[in-house]
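**Student:** Here's the letter readout for the chains.
Number of protein chains: 4
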Amino acid sequence: MTTPRFGAGIWHFATYLDRYATDGYGQPRNIIEAIDIAGQVKELSVVDLNWPYFGGKFSDAEIKTALNRNNLSVIGITPEIYTRDFVKGAFTNPDAGVRRRAHELITDACNVVRFHKADYVKLWPGQDGWDYPFQVDYGTQWQRSLDGVGQLASENPDLKFVIEYKPREPRVRMSFGSVARTILGIEKIGLPNVGILLDFGHAIMGGESAADSAQLAIDHGRLFGMDVNDNYRSWDDDLVAGSLHPLELFEFFYVLKKNNWNGVWQLDQFPFREDSVATATHAIDFLKAAAKGLDRLDIDALQEAQNRHDAISAMKIAQKALFSALGEAE
Amino acid sequence: MTTPRFGAGIWHFATYLDRYATDGYGQPRNIIEAIDIAGQVKELSVVDLNWPYFGGKFSDAEIKTALNRNNLSVIGITPEIYTRDFVKGAFTNPDAGVRRRAHELITDACNVVRFHKADYVKLWPGQDGWDYPFQVDYGTQWQRSLDGVGQLASENPDLKFVIEYKPREPRVRMSFGSVARTILGIEKIGLPNVGILLDFGHAIMGGESAADSAQLAIDHGRLFGMDVNDNYRSWDDDLVAGSLHPLELFEFFYVLKKNNWNGVWQLDQFPFREDSVATATHAIDFLKAAAKGLDRLDIDALQEAQNRHDAISAMKIAQKALFSALGEAE
Amino acid sequence: MTTPRFGAGIWHFATYLDRYATDGYGQPRNIIEAIDIAGQVKELSVVDLNWPYFGGKFSDAEIKTALNRNNLSVIGITPEIYTRDFVKGAFTNPDAGVRRRAHELITDACNVVRFHKADYVKLWPGQDGWDYPFQVDYGTQWQRSLDGVGQLASENPDLKFVIEYKPREPRVRMSFGSVARTILGIEKIGLPNVGILLDFGHAIMGGESAADSAQLAIDHGRLFGMDVNDNYRSWDDDLVAGSLHPLELFEFFYVLKKNNWNGVWQLDQFPFREDSVATATHAIDFLKAAAKGLDRLDIDALQEAQNRHDAISAMKIAQKALFSALGEAE
Amino acid sequence: MTTPRFGAGIWHFATYLDRYATDGYGQPRNIIEAIDIAGQVKELSVVDLNWPYFGGKFSDAEIKTALNRNNLSVIGITPEIYTRDFVKGAFTNPDAGVRRRAHELITDACNVVRFHKADYVKLWPGQDGWDYPFQVDYGTQWQRSLDGVGQLASENPDLKFVIEYKPREPRVRMSFGSVARTILGIEKIGLPNVGILLDFGHAIMGGESAADSAQLAIDHGRLFGMDVNDNYRSWDDDLVAGSLHPLELFEFFYVLKKNNWNGVWQLDQFPFREDSVATATHAIDFLKAAAKGLDRLDIDALQEAQNRHDAISAMKIAQKALFSALGEAE
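Residue numbers (the working numbering), protein chains in the order written: chain A, 47 to 376; chain B, 47 to 376; chain C, 47 to 376; chain D, 47 to 376.
Simulated from the structure, these hints should not be mistaken for lab results.
Certain hints may be false.
Any copy will do: because identical chains look the same in the list, a pair fits if it lies in one copy or spans two.
Said to hold, decoys possible - The calculated lysine to aspartate or glutamate pairs, modelled on DMTMM-like cross-linking and capped at a C-alpha distance of 20 angstroms, are:
(1) 366 with 183
(2) 303 with 341
(3) 206 with 89
(4) 304 with 183
(5) 303 with 183
(6) 103 with 131
(7) 206 with 154
(8) 234 with 183
(9) 366 with 331
(10) 338 with 374
(11) 88 with 374
Using the sequences plus the hints, can you model the full thing?
**Tutor:** Have a look at this one:
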């Protein structure tokens, strides 16, 4: 395997706040500062940018300059359809005016994608869903989700749209909540330029086996992107990749390789209390070792064990490959 | 609303064992005894029968006699594709011979369905899945699931097949694990006689809103059956319906009514340590009150609140209807 | 039962932000505005105030004026030991200077408690814990938690300190994470003026039966306060009380009554997207009905059923009492 | 570090059944057969035996003969206080006669402990708890748990009693449900010969950090035993140790070593569908590598990182030690 290219959401290098630490986990940073910090991570090639650019008014050209000096290019643009205007939903907002505003915002983001020659518009409808029983009409809710995405995809056939599903947060229940639900919706939309961005952490917090989710998305021709991190399986902790569930992450990469899926390996981590460069670097070290481990896998023996559903033998082969590569890492 | 008809899995009236109480939670009962106990539950009309009939060798005619004397008819037959022969899977077993055996068993069950003039063959592939990362090839696993069900459905076009999905147990990860995954598979199979049996408890243990799951299955024309119970959202405790999550169960019924879904309201409870007649009766009392509550719902006001996503107002209307009906119950 | 007094955390009437909606779920409000909104909730008697007062510089006297005009008094003061300075912990911060700062902040909060003649200082050490394996020395971590609380309690023997435990959030793992852990710590501290504030939602998200937790805290003489809300059992959603788990909440109140625990029934809800007055009012309506339901409970019959561990009979009695009271509510 | 001694529950080598595969996951085995299979696992030194011995009538002497020929000795005896007689509880059964029977059974087990010169009586009160709100009086329930254990410990001062806590299963809620709750109870009992057996899987399924739980039990002088396995954090899957959460398991061992805790490293795995010898051997291979990894840990650097709560640096040190040892394993 050639080493994959590595990427990260630019928010990895921002600072955060939450409902308790309302003054933030550190000094605010604007997107230019975040890009310059991202540039310190060796082997980072691409970034996903929130849009509108955070922390000030910046032109696309200014952003590009900052990216260039850090040898970074743009893989995707994430329009912020989960901020104040959209807390009751973007595509599914009860107010038609807000739905229109979401559409306009994303339409504008399409031009930013074109400017940066990015791979896709990333849709993460984190506020689209519900909190309580009886709050919404589920049929309407789902139809609006599909209409919203479908309209964008058909109006912008030159671009790809990726939906990043997640079971919950910030909405207590999200409409695009699982891999199968999202594929089902995409098939209903029926356009070739809509796919999935599979976040490893979102999959495992939803009780999925992320490798199985990847296979399913690939079999439907819809795996357009991915990112990784880790968590304790019940919430999107966005911890450093490989820290808690190394074997499952390795299996996720294995399924990608097996299917000749050659996209960027991206990070979606939130180092609330850690140094962001050290956190990204540590994750990439894990990813590089995992890539090396894939080359060491005794594929024939593995598949032979899988043919018998022999978990212990299969795991032994996988662990050997992964741990030996990790053990050698610096 | 006319009062719905009530049903139950016949196992509700059996005794149980588990990996610890291997000598069982009570004296073993055979299926005839279970039917006679079921007959003591007033307002129970139909049962779902495990097959082969448990606890002895019984002819279909003997079963029918027992059912008749208890005024019960059969809604479905559940072939036992999760016992010793199938612990590594029925449809997805690594051994082609076992997959064939599963096919034969279910084919035989089809005749039992015909004998009893039941509505469907119920497929609950509880052992089809995996336990460990790297244990199976996910693509093969899923394809075999679809092939197995598809073959049966195409060979028996006179019958309906319902798949009861569940996230886990006994298999640590089940292939038919969520509503969307199951619909996706059914759409792939592409036959009209395959649908979903939606278990309320399986939905909520998987983080689904059961009412939303029902709407989705209905919108795909695939809601062929349902059953109810309750649990603490992380495991299939099969507790008495309405005990823990009354409002969500009420919403589930509301979505059925709203869509004119008129099937049987079934119980899938496991009263390990409780009297099974008392447990079934208590559940049906809840269900009857819920049905009465549906009639009281101020639908216009509810939909108006839902149009605004006004959770508090919508809930107030729903609670009023449900609790007032429950408060009057004997 | 005389109707209990009702209270709320003043943050119930603030607006919120989170890591995604960084611009907030609404226009920022200062604490005076929040108090004036709280005043619109009929039957609200007391509030718990964050300190330092949010949204501006306000003197204790100004706050008191605002409270007075809304007929509110103060039950507790919550020093903000979870904001930027303390994101790596207050009592357990690795930096001795920060630990000292936390001590000083809380010491200052003690005077605010005295000024308002409140019942207690509320300690909610939401940042005290860890995120990753190997991150901390657990013995040191726990000892510092106990030392920090113990020092405050011994320096301020005229005041009560309540610890509000919670399994997680914002810290991925919190030191005071369960009722038993917190009691164990309090017993180790060994001072009479340290107790627990039991949050119903924190209990159930941790897999506790909140009524059992209350009994345990009471049996140790440490239940100093409580608040209620609801969630989907895996995260602190802070939804409206009674919405999802009415029977468990009713049981919680039952245990309080049974033990003659006569404190305030407080709300700790976060109506991110709902009207805060409507949300508080709806919760209080539930609480009033629950209080009425307690009066209707056939205690003798209930205890007789409990003596036999007869779940169905006991539940029937409890449901009857609760639902009939709820059904009558306006 | 000298290599630890390894042990296993003898049930590791039995076959299982559950509520679905009621005919079992394989041919039944008696305890003698299980011992002979255990004997095939190289480096297994001790076993924990269920009592009464399963699968037939066997004298203590016959068991001893079987153990001797397999070079195994007994670490503990687990009286079966969770079978049919005790499904409504052993210590907390509502029926005083059943509570007495539990006492007698365990008293008899004490003599088996003496016969085998085992280290302890293991109490695993898996049926002691409740399923539903309002089912039990929590105060009575907890008092009976403490009385039952306390009486045994005071009647048998020559023996040690270990309580293996677990959040749930088979009971939906277990009385001894967490490490802190169990310590709290043990402190209340106040006898020196009652301690905890800490099961790694039970800790993580309850949301505990197992290493923290170990430290807490050690600090209270109550860590009398331990066993390991793995699971997906929400249920006691009893999968092979190290498969899913290697770093957390390594940290658990680290805390034991740091505190000079020198007991046996035991397995509590349920290889439902796997070969039991291969499963045990694979786990022990992991454990041996982990032991080697402990020797490689740069303790000074680790503690320095922990002093700063520097998660990334600490993890890097730990991962390096563990993965390099695992990478070299055969």
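**Student:** Any hints this thing doesn't respect? Which numbers, in order?
**Tutor:** 3
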